[in-house]
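Visitor: Protein chains in written order, with my numbering: chain A, 14 to 293; chain B, 275 to 585.
Everything labelled a hint here was simulated from the structure, so no lab data went into it. Nothing here was measured: the structure is a model prediction, and the numbers come from that model. Among these hints, one or two may not hold up.
Unchecked claim - Distance condition first, Cα-Cα at most 20 Å in a straight line; then the derived SDA-like pairs of lysine to any residue:
(1) K114/A / W290/B
(2) K545/B / K53/A
(3) K466/B / A29/A
(4) K53/A / L387/B
(5) K545/B / V144/A
(6) K114/A / F291/B
For reference, the chains in residue letters:
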Amino acid sequence: MNLRSIALRRVANGAATLLMGAATLLVLLPLIIIFYHIIKMGISSINPDFFTQIPRPTGEEGGGMANGIAGSAIMIGMASLVGLPIGVFGAVYLTEYGTGKLSTTIRFCADVLSGIPSIITGMVAYGMLVVPMKGFSALAGSFALSLIMIPIVLRTTEEQLKMVPTTLREASLALGVPLWRTSIKVTLRSALTGVITGTLLAIARVAGETAPLLFTALGNQFWSKKLTEPMAALPLQIFNFAISPYEDWHRLAWAGALVLVVLMFGLSLAARWLGRSKHS
Amino acid sequence: MRNSAQGIKGDTLFQWFTLLLACSIIVIMLIMTAEMVKESLPAITRFGWKFITGSTWDAVKEEFASLPYLYGSIVSSILAILLATPLSIGTALFITELAPRKLGAVTASLVELLAAIPSVIYGLWGILVMTPWLQSTVQPFLIKRLGFLPFFQGAPYGVSMLAAVFILMIMIVPIITSITKEVLMAVPTSQKEAAIALGATRWEMIRMSVLPYGRSGILGAVILGLGRAIGETMAVTMVIGNTPKISLSLLSPAYTMPSVIANEFAETTTKMHASALMEIGLILLFVTLVINFLARMLLWSVTRKWKGGVA
Chain A
14 MNLRSIALRR VANGAATLLM GAATLLVLLP LIIIFYHIIK MGISSINPDF FTQIPRPTGE
74 EGGGMANGIA GSAIMIGMAS LVGLPIGVFG AVYLTEYGTG KLSTTIRFCA DVLSGIPSII
134 TGMVAYGMLV VPMKGFSALA GSFALSLIMI PIVLRTTEEQ LKMVPTTLRE ASLALGVPLW
194 RTSIKVTLRS ALTGVITGTL LAIARVAGET APLLFTALGN QFWSKKLTEP MAALPLQIFN
254 FAISPYEDWH RLAWAGALVL VVLMFGLSLA ARWLGRSKHS
Chain B
275 MRNSAQGIKG DTLFQWFTLL LACSIIVIML IMTAEMVKES LPAITRFGWK FITGSTWDAV
335 KEEFASLPYL YGSIVSSILA ILLATPLSIG TALFITELAP RKLGAVTASL VELLAAIPSV
395 IYGLWGILVM TPWLQSTVQP FLIKRLGFLP FFQGAPYGVS MLAAVFILMI MIVPIITSIT
455 KEVLMAVPTS QKEAAIALGA TRWEMIRMSV LPYGRSGILG AVILGLGRAI GETMAVTMVI
515 GNTPKISLSL LSPAYTMPSV IANEFAETTT KMHASALMEI GLILLFVTLV INFLARMLLW
575 SVTRKWKGGV A
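Chain B extracted, bound-state conformation (with noise of 0.2 Å):
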């Protein structure tokens, strides 16, 4: 009798001491929000709305304004998008489809290898290897050959928006051909088999039923990838050159929302400085939050759907 009273209380005691450890989770979310909000309360209530529309970054009059770091987190975020998505989709594809399974099983961990090189060792070799590249070969063929269009005007630097853009497109192919993978390969083998039987060739069976099936899980993976672009920290800092100008130019040198903080937060001289800086967080935290959100709902929506449909 005593045993089993024991082991009730154990139970509802160790029911508790675990709930307590698993709402930790919600916890730092909400602690983290919290934070950031106070901590940017100041910059918020000083520069309202200009804070978003305005681009002077004065620290020593005070005025803050965030619009280049703006500009330059979301056009270099979704240039490289648009570059590593169909790589990404055609090198799922490959592993799923295309390889005998050695091949692709080598090839999703070699990927696998490359989604798990730290920001940093991106950007050392970015710094030190591709940028003195670009500004020797790339930037002056582009000047030469397109220099009429505005995106390829101005001298080249080597660090510039084309580097930041470059070196993010390699980071955020890994990460979205993982999760392509994983969502090709949780079609039903029925579904490619119909394809094949009426007569498909390998590409329309893709075109006809593998990709249909799997564009929500796709667009999930792409999001994400988006996210993964957005907050990138190191990388980006060490080649995009970290000039808070906006240029329609790719050669010129930019500057991101997180490069700003990386390079100013740990040397805030005045409270409103740091303020500003976590204001920037702040926009930061909420974008990838929502980014985050939208494409875990799409990625859980599909998962949902497969182990209705498949079993």
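Same shape as in the complex, but just chain A (with noise of 0.2 Å):
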């Protein structure tokens, strides 16, 4: 063996090793550097004020964001509404009896779904519900998130269906329950955590999603009386007050992105506990 080889290889060896340990804290910086400033320029707007009051014209101090905030709770409920029912069942056909061929369609059919940009999605429910109705609505936006929770819902209660065994489905049938009841009583309940933690991650996806709302529930200063009327959400009031030129609106901008990021990781937190416990 060649000494001077096994040396370069060697070098080698330790030269990838600092390349991939730099890529990772490179990769990792803007992370902590992110999360810095959220948390610097948020933390001093944030107070009462933030969650109960609607913002404040330029100029004017304090002010807050509840209009959005409300108006995310309530788009996004309503998205849920909707979404929900039909990625979870939907996602019991595909493990009871999705084998054929269909089922490989929808299955891929949703994976390319979650890829398409979200802006999308908000143009198709403009075309479909704001120009019949004449008018941007909370509807309209809450018709665009759901759309973009359905092939998530789908995919993640689907991976938590499969997980239940199938002598639990075979005990239930062999005491004559029907397949369909088996299949709500049985391998439902058992996946259930799991289910919630696929939905949890589904709304935290949603809750930060705005270019769907841009025109479709346009955003509101104001409270919002109706649901055929422009309603506010957190996102797009970030993005307004980011844009703006004006010093205490990025304040609040600020504000809200802590707000909206902590909200996130509470429900991915809330979700990954879930998941935890029930292995344990």
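Assemble the dimeric complex from its two separately framed chains, guided by the hints.
Guide: This is the structure we're talking about:
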């Protein structure tokens, strides 16, 4: 064996190790910097007013994003009412009956669909709801959000249902329980925490969506009285305030970002905790 | 008897009911495509191929062509992918092959956190922190040292193609990393052990047995990242400067397809303006459909292989 070549190989190994470590550091660096800024700039504007007041005109101190937070909650709620049942029961079909070509097509379409830019979903919702109803509305916003939710919920729920042991199902069927009741009472029931985990993750994903709301819910500086009116949403407000030239609106945007990030991480932590407690 | 008959009827009903809901995915896809095609027909018939080769965008004269947006989308996404791919593969290798188990798990969840940050927050950080820094530090440096190259000429505006490339890179790295990690974790241990047993160093083991095995999966991950970059809307809109100009210089502002939709669609005054934006959306839909189709094909073929091979 040639000693020099062994040394060279060692050097190559060391260099590669170093490069991989450096790549990891470089990748994680933005995370630290972004978090640092969100917390530093956002924390000072977090106070009771932030959660109870609507934005003030620039120049006036204070104000909050209460209408945005409420608007987001309402639209996500309505989107979930439509999106969750479709996603969950669609997943039941894929696990219980899904062996044929059709099911493969559905799975494939769901995967492809979740990669389509969300702004296109917004345009579709605009064409289907905003134009016929002659105006931007919270309904159109929720519709766009539900379209984004369905493929995510479908695929995550299916993953969870697949983990339920067949023996459980067989036991129930052997007792003479029809398949549909078995699906609901046994399969879905035992995968419940998993389904909830998937749901929370889907909601976390949708909560930060801005592009599909731009020309459906549009945003609103004030409280909306009806679902057929434009409605404020937290990410929309962050966007509008961030691109404005005013310092005090920037501060509100940072605070909104902090709230949004805390909310999303709260959701995904809850999802993880649920997922873990099931396995232990 | 009655009970079982009811059960069977219930079963048939239940099967049809769930089938209907599952099929909604296909319906959504068809409706989305149909809607986009329908709304862009006026622009397609009026401008024809000139829509993608010309560069006038004039809402007053109702002349629309989209080349600057196409150019901005393609250049920003491809540069971002070129920067993101080596970083992502390096990080994925660090997580799966290099780091002790605990450290790897922590790194992986930090990467997941990065992937979960909404686009608008990247944009907020980009416009209020990153672009001022680019303007005051990075761009003057580039102009001074590399200003003889056509890519680094002009004045330092901050908002620029460069800013879009950076923010896109930060955003797609976690996606490529986490899928690549999944792909690498599925490489059979026997493959790695074989390399080690033959006296390979760790890097040689990665180069000769891990990477070749994961090749098509990693390619799938990269293509998926490309799709994400092309469709990325909010963050890019906030940092790219929104100027429909084709310029070789990375320091000058540019525009992308999703950005022009985000900026103009809510305020269109004429039918033709709306239709032209819809056609840009249709192009975007078509491109991302093809990209995602390809990526999923690659990733699915890998998963099948694992299922056959590992068992």
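Visitor: All hints, please: hold or fail.
Guide: Status of the hints after comparison with the structure:
no. : hint            : result
1   : K114/A / W290/B : holds, 16 Å
2   : K545/B / K53/A  : violated, 45 Å
3   : K466/B / A29/A  : holds, 17 Å
4   : K53/A / L387/B  : holds, 19 Å
5   : K545/B / V144/A : holds, 12 Å
6   : K114/A / F291/B : holds, 18 Å
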